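*Asks:* Protein chains in written order, with this note's numbering: chain W, 50 to 237; chain Z, 22 to 191.
Just so you know, these hints were derived from the structure itself, not from any lab.
Quick caveat, the model's predicted, so the values are computed rather than measured.
Even for Gly, the Cβ is constructed at its ideal location relative to N, Cα and C.
You may find that some hints are simply not true.
With the Cβ distance kept under 10 Å, some of the chain W side facing chain Z (calculated, not the full set) [as the list claims (entries may be wrong)]:
#1 Lys94
#2 Met128
#3 Phe139
#4 Val159
What follows is a set of in silico ranges between Cβ atoms, one per label pair, in the way DEER data are often shown [as the list claims (entries may be wrong)]:
#5 W:Ala176 x Z:Lys128: 44 to 52 Å
#6 W:Val228 x Z:Ile149: 40 to 48 Å
#7 Z:Lys29 x W:Asp163: 51 to 59 Å
#8 W:Pro120 x Z:Ala96: 42 to 50 Å
#9 W:Gly72 x Z:Arg52: 23 to 31 Å
#10 Z:Ile40 x W:Val76: 20 to 28 Å
#11 W:Lys160 x Z:Phe82: 23 to 31 Å
#12 W:Pro208 x Z:Ile40: 48 to 56 Å
#13 W:Gly185 x Z:Arg188: 42 to 50 Å
#14 Z:Ala56 x W:Thr96: 15 to 23 Å
#15 Z:Asp177 x W:Lys160: 40 to 48 Å
#16 Z:Lys78 x W:Ile62: 31 to 39 Å
#17 W:Asp121 x Z:Gln55: 40 to 48 Å
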Amino acid sequence: MKKKKVIIVTMTIILLIVISYFGFQLVNQNQDIEDAIEQELYELKHTVEDIYAIEFLDDDRVLVFYSWSFPDYSNFGVMELEKTWRGWQFVEAVSNRMEMKNAWLKGVYVKIGDRAILRGPTWASVAKIEIITGDGREYRPEIGKAERNIWYLILDDAPFEEATFILYDNDGEVLHEEVLEFDLNWPE
Amino acid sequence: MRVSLKYKVLIILVLSVIIGVALYYYGTKARQEQATGEALKDYSYIAREYALDAIYKSKEFPVEVELYPSAYTEAILERWKAISERYPELDYPESAIEARDWIEVHKAFEDTDLLKDVIRKMYKDATIAYEGLGGSYITLLDYIFYKKYEPSNMEDIVIDLGIEPPREEE
Numbered sequence: 050m051k052k053k054k055v056i057i058v059t060m061t062i063i064l065l066i067v068i069s070y071f072g073f074q075l076v077n078q079n080q081d082i083e084d085a086i087e088q089e090l091y092e093l094k095h096t097v098e099d100i101y102a103i104e105f106l107d108d109d110r111v112l113v114f115y116s117w118s119f120p121d122y123s124n125f126g127v128m129e130l131e132k133t134w135r136g137w138q139f140v141e142a143v144s145n146r147m148e149m150k151n152a153w154l155k156g157v158y159v160k161i162g163d164r165a166i167l168r169g170p171t172w173a174s175v176a177k178i179e180i181i182t183g184d185g186r187e188y189r190p191e192i193g194k195a196e197r198n199i200w201y202l203i204l205d206d207a208p209f210e211e212a213t214f215i216l217y218d219n220d221g222e223v224l225h226e227e228v229l230e231f232d233l234n235w236p237e
Numbered sequence: 022m023r024v025s026l027k028y029k030v031l032i033i034l035v036l037s038v039i040i041g042v043a044l045y046y047y048g049t050k051a052r053q054e055q056a057t058g059e060a061l062k063d064y065s066y067i068a069r070e071y072a073l074d075a076i077y078k079s080k081e082f083p084v085e086v087e088l089y090p091s092a093y094t095e096a097i098l099e100r101w102k103a104i105s106e107r108y109p110e111l112d113y114p115e116s117a118i119e120a121r122d123w124i125e126v127h128k129a130f131e132d133t134d135l136l137k138d139v140i141r142k143m144y145k146d147a148t149i150a151y152e153g154l155g156g157s158y159i160t161l162l163d164y165i166f167y168k169k170y171e172p173s174n175m176e177d178i179v180i181d182l183g184i185e186p187p188r189e190e191e
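Only chain W is shown next, with the shape it has when bound in the complex:
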């Protein structure tokens, strides 16, 4: 009789664990990434955010590029989320103040997780950017559009301290050319 009770209790516990595991899996699989991002940004308590781009680094890691601070949206953030057994979870976020004023573009270097990222705002008329570094490397950063336009580059190789940025319009005409410098020691 006692043995039977032990078996029933053990089976019940195992069943609960299995149901919980599959329950979490089901919730995680169906978790909408945009809802998760909205929730994580809401928890940062920024005043009105705008999302420019969502970049999946792999199946379980995502970078979100956004700006905040109504009405000027001059604070540009990048946030990393990671998928865990509890669903998409906040890892880290970095926010940089970049005011456009009369500049064609701005840019900063940040390290988030193990990734080096260069990013900043530019004007809506800029459709394409080419970056040429002093040692001859060339990059085509992505451009995200929302309240402002932002360019961003997720680097797989070594970051650079300065590079020439060539800005093109929709017709492929050069709008502007400028050298940007990056502080690779930021925030120290």
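Dock chain Z against chain W, hints included.
*Replies:* Just chain Z now, with coordinates in the frame of chain W:
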């Protein structure tokens, strides 16, 4: 199945402990969440007002946010310092600024009566004639934090007082 009194008491005791622990856990968690939300709201406000860069390392309890001055922060501090040098009653907390204790730094603007007094003195000391509404303490804050002059004639006032250089001729 008959359960003896001893087991009944034991079950009630175990259940009471479980409920007690759960209530304590959720009560503590709710308080921590409230404190976390308020801290993040403060960081967000301070980062926006002082144009600071921010690294959010943890937004769970305990919140871990590092704030760093940007080039725009320096401009805000310069305007603030220039007014404070002429009107020392407006405190410029040098040590808190150096220590990057931005929450402490912002306490200098808590007393709106003091701010009203400073702006009133600025308008009184200016030698220029003006019409319409004078500045309010919001005018002063708009100037320091955003270098915003409208809708008052604050630009003329700060130029007249030597806080800002004269406008360049076009």
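*Asks:* All the hints need checking, so say for each whether the structure fits it.
*Replies:* Hints, one by one, checked against the model:
At about 4 Å, the closest approach between the beta carbon of Lys94 (chain W) and any beta carbon in chain Z falls short of 10 Å, and the interface hint on this residue holds. Because the beta carbon of Met128 (chain W) sits about 8 Å from the nearest beta carbon in chain Z, less than 10 Å, this interface hint is met. Among the interface hints, the one on Phe139 (chain W) holds; its C-beta lies about 6 Å from the nearest C-beta in chain Z, closer than the 10 Å criterion. Taking 10 Å as the C-beta contact cut-off toward chain Z, the hint placing Val159 (chain W) at the interface holds, the least distance being around 8 Å.
With their beta carbons about 47 Å apart, Ala176 (chain W) and Lys128 (chain Z) fall inside the hinted range of 44 to 52 Å. For Val228 (chain W) paired with Ile149 (chain Z), a C-beta distance near 43 Å keeps the hint of 40 to 48 Å intact. Range check, Lys29 (chain Z) to Asp163 (chain W): Cβ separation about 57 Å, and the 51 to 59 Å hint holds. Roughly 19 Å separates the CB atoms of Pro120 (chain W) and Ala96 (chain Z), a value that falls outside the hinted 42 to 50 Å.
Separated by about 28 Å at the C-beta atoms, Gly72 (chain W) and Arg52 (chain Z) satisfy the suggested range of 23 to 31 Å. Between Ile40 (chain Z) and Val76 (chain W) the C-beta distance comes to about 26 Å, which sits within the given range of 20 to 28 Å. As the Cβ distance of Lys160 (chain W) to Phe82 (chain Z) is approximately 25 Å, the hint placing it in 23 to 31 Å holds. Between Pro208 (chain W) and Ile40 (chain Z) the beta carbons are some 54 Å apart, a value that agrees with the proposed interval 48 to 56 Å.
At roughly 46 Å, the beta carbons of Gly185 (chain W) and Arg188 (chain Z) sit within the given window of 42 to 50 Å. For the hinted restraint 15 to 23 Å between Ala56 (chain Z) and Thr96 (chain W), the CB-CB distance of approximately 20 Å keeps it satisfied. Checked against the given bound of 40 to 48 Å, the beta carbons of Asp177 (chain Z) and Lys160 (chain W), roughly 46 Å apart, stay inside it. The given range of 31 to 39 Å is respected by Lys78 (chain Z) and Ile62 (chain W), whose C-beta atoms sit roughly 37 Å from each other.
At about 30 Å, the CB distance of Asp121 (chain W) to Gln55 (chain Z) disagrees with the hint of 40 to 48 Å.
In this structure, the earlier hints numbered 8, 17 are contradicted, and the remaining ones agree with it.
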